[in-house]
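Assemble chain B onto chain A, guided by the hints.
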Amino acid sequence: METDKETEPKKGLFSGIFSRAAGKETGRRDFLKLVSVLAGTLFTSSYLKFSGSKGMRFLRPPGALANSEFLRKCMRCGICGQVCPNQCIQFFSMGSGENSETPFILPRLQGCMLCMKCNNSCPSGALQPLKDDMASIIGGVKMGKAVVDRNICYSYNNRSCGICYRACPLQDEAIKVSIWERPEINKEKCVGCGLCERVCIHYPQAIKVIPS
Amino acid sequence: MINTIRRSIQVSVWLFILLVPAVNYYGIMLEQKNRISMDESPLLSLIHRSFKGMDREKVIDLTHRVKGSVWSAEIYGFKISDPLAAFESTVVPVYFYLPLLLSALVPVFFTLVFGRVFCGWICPAGLLMDLNDRLRKLLLKIKYNSRDILFKRKTKYLVLILGILTAFFMGMPLLSLIYPPAIISREIFYKTYYGIWSTSFYFLAFILFFELILSRRWWCRYICPGGAIYIALSKFRRLDIKRDDALCTKCGECDPVCPYDLKPMSVQPGMECDQCSECMRTCKPGALKYIFNLPGIPVARKNKPLDNGEEGKAT
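Chain order of the listed sequences is A and B. Counting in numbering that gives the first Met the number 0, the first sequence runs from 0 upward without gaps. Counting in numbering that gives the first Met the number 0, the second sequence runs from 0 upward without gaps.
These are calculated hints, taken from the structure and not from any lab test. C-beta atoms are modelled at their ideal positions from N, C-alpha and C, and glycine is treated no differently. Careful, some of the hints might be misleading.
Dumping the calculated DSBU-like pairs for lysine-lysine here, alpha-carbon to alpha-carbon at most 30 angstroms [unchecked claim]:
(1) B:K234 with A:K130
(2) B:K153 with A:K32
(3) A:K141 with B:K78
(4) B:K241 with B:K78
Here's a subset of chain A near chain B, in silico, CB distances under 10 angstroms, partners left out [unchecked claim]:
(5) S67
(6) P122
(7) A125
Far from chain A by the CB rule (all over 10 angstroms, computed), these chain B residues [as the list claims (entries may be wrong)]:
(8) R34
(9) S44
(10) K66
(11) F188
(12) Y289
Bound conformation, chain A alone (with noise of 0.2 angstroms):
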């Protein structure tokens, strides 16, 4: 396409793999940079592993496909954070690696309040749609699992607390209380939401969600 004279670049800057250097035709030479460009970015690029948001506890917003599957359908458009009236959705900046640009939940920070408006207006699919009745969230949504630590809740050292389980969405059903307000998690019904470790009163919190 690039014949005319006055388009021909001048030499310089990526002369070799980007522009035709003058005079030159595109031969072999050429097309063994590009095959090397080619192969060199496949290589690095399979094998690189970022380290921005290593280590980090942090939930997907509700309907996320696996993280792996995750990552590559997610578009990074920002809408799950736009609609979400609990401002409880952030997002990893672009130096965290694969996370980049993608949306998570600090259960600590504030909880999900489980109302499935940032996955039914997700363009991509990487939030299922999920309908907003009681049985499709316990079906359907799984950011994680809630842990007790025996060793540190109130209600587990003879002073009764209770709060987990007032502000569990899913009361008897996620969450069950014994004698003193001891917390019971059933592991079956547990959306892994947050609200509970948003809301304990020990710190550090008693009681954590576990991503799954």
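For chain B alone, coordinates are given in the frame of chain A:
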């Protein structure tokens, strides 16, 4: 006239990107009954005053009708996505999600009929780059001669294919991190909601600065992967800019104006043309015109060669 319409569309797209997150944020604040941050921010209190007298529930519902940005938007339940987003989010996970593919149909249809109109008429980065062209002229006035490094035009296809392959092997979409419209929409959303710029802001600044000093329109001409998709789609376009040989005085004023360096006087603009109509505005005799080729009629795209031996080119 056409240029005024184009500029007003570009400005209204910018207003859309700026206002939609603000209105959505206002709706969230209203839902939370968060009066403090509403009174603190001048923009939110302005929106609050403009919605005055309306029912609260109705306002919350209204603010959620329109959401998103140019990368992906939802307007009254109707979803529109960038073709690059749809392409990448389908190819990288190898997962066909029908609503996503359907949402890319409108821009694809417009590109098939009118050519690469997104770049010249809608793209928010396009307006910034037009401003950069003005800045280059200003720099010329103070005797600063910006350089103009040329790359190969086909580099953008390399970026597109290499980007998709790299994304596939890395397991994350990379092109959405470097595509300027996506960066701009995300940055404005982050600024409105969290009060900070993300790191990709610096990448956008780098693109603009490189363009200002070293290479005119380098991103749009040589690199942009979204532009590559639009150009590939505009092969079948019906709208063209055509030169009337009888009127043309061969003054050559339209050639340096073209942001894509397509030389509308000596050769036919071709697939890369984004219908920005800058050349038509410059042409004093009015020799350059839009031609809409209806389907069924053979497309007369090729220009006649000029007298001075330069050959006409069609793509």
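Quick one: which hint numbers does this structure break? Sort them smallest to largest. 1, 4, 10 and 11
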